[in-house]
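Asker: Between the sequences and the hints, there should be enough to build the whole structure, so can you do that?
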Amino acid sequence: MKILNSWLNDFGAFGTNKEKLSAAMTNLGLAVESVEPVGTPVDGVVVARVLRTERHPDAA
119 MKILNSWLND FGAFGTNKEK LSAAMTNLGL AVESVEPVGT PVDGVVVARV
169 LRTERHPDAA
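Numbering (the working numbering), first residue to last: 119 to 178.
Because the hints were derived from the structure by calculation, they are not lab data.
Wrong hints could be hidden among the right ones.
Stated by the list, open to error - Pairs of lysine to aspartate or glutamate, EDC-like flavour, derived with a Cα cap of 20 Å: (1) Lys-138 to Glu-154; (2) Lys-138 to Asp-161; (3) Lys-138 to Asp-128; (4) Lys-120 to Glu-154; (5) Lys-136 to Glu-154; (6) Lys-136 to Glu-151; (7) Lys-138 to Glu-151; (8) Lys-120 to Glu-151.
As the list claims (entries may be wrong) - Pair ranges (Cβ atoms, derived): (9) Lys-138 to Arg-167: 47 to 53 Å; (10) Met-119 to Arg-170: 53 to 59 Å; (11) Leu-122 to Val-168: 48 to 54 Å; (12) Leu-122 to Val-165: 15 to 21 Å; (13) His-174 to Asn-127: 53 to 59 Å; (14) Arg-173 to Thr-144: 55 to 61 Å; (15) Ile-121 to Pro-159: 40 to 46 Å.
Positions of the beta carbon are idealized from the N, C-alpha and C atoms, including for glycine.
Answerer: If you want it as structure tokens, here you go:
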């Protein structure tokens, strides 16, 4: 079975530590065959949140 690390973090604070996650799953009696990253890192991407907006003074 494949499961996202973000889903598992809803039930415990595993973070991104693969060893800690694997050990916790094994302690629960669940066999961990592998831990694999999904996707590839993306360079040059900026994530932002708009906190406020205001009208431009020269706008019609």
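Asker: Compare the structure with each hint and give your call.
Answerer: Evaluated hints:
1. Lys-138 to Glu-154: 14 Å, holds
2. Lys-138 to Asp-161: With Cα atoms ~27 Å apart, Lys-138 and Asp-161 exceed 20 Å; violated.
3. Lys-138 to Asp-128: 15 Å, holds
4. Lys-120 to Glu-154: Distance of about 10 Å is within 20 Å: holds.
5. Lys-136 to Glu-154: Within the cut-off at roughly 9 Å; holds.
6. Lys-136 to Glu-151: Given pair Lys-136, Glu-151 holds - Cα atoms ~12 Å apart, limit 20 Å.
7. Lys-138 to Glu-151: 14 Å, holds
8. Lys-120 to Glu-151: 10 Å, holds
9. Lys-138 to Arg-167: 47 to 53 Å: Distance hint for Lys-138, Arg-167 is violated at roughly 30 Å.
10. Met-119 to Arg-170: 53 to 59 Å: 44 Å, violated
11. Leu-122 to Val-168: 48 to 54 Å: For Val-168 against Leu-122, whose Cβ atoms are near 27 Å apart, the range 48 to 54 Å is violated.
12. Leu-122 to Val-165: 15 to 21 Å: 19 Å, holds
13. His-174 to Asn-127: 53 to 59 Å: Since the Cβ atoms of His-174 and Asn-127 sit about 41 Å apart, the hinted range of 53 to 59 Å is violated.
14. Arg-173 to Thr-144: 55 to 61 Å: 58 Å, holds
15. Ile-121 to Pro-159: 40 to 46 Å: At 21 Å between Cβs, range violated.
Of the numbered hints listed earlier, those contradicted by the structure are 2, 9, 10, 11, 13 and 15.
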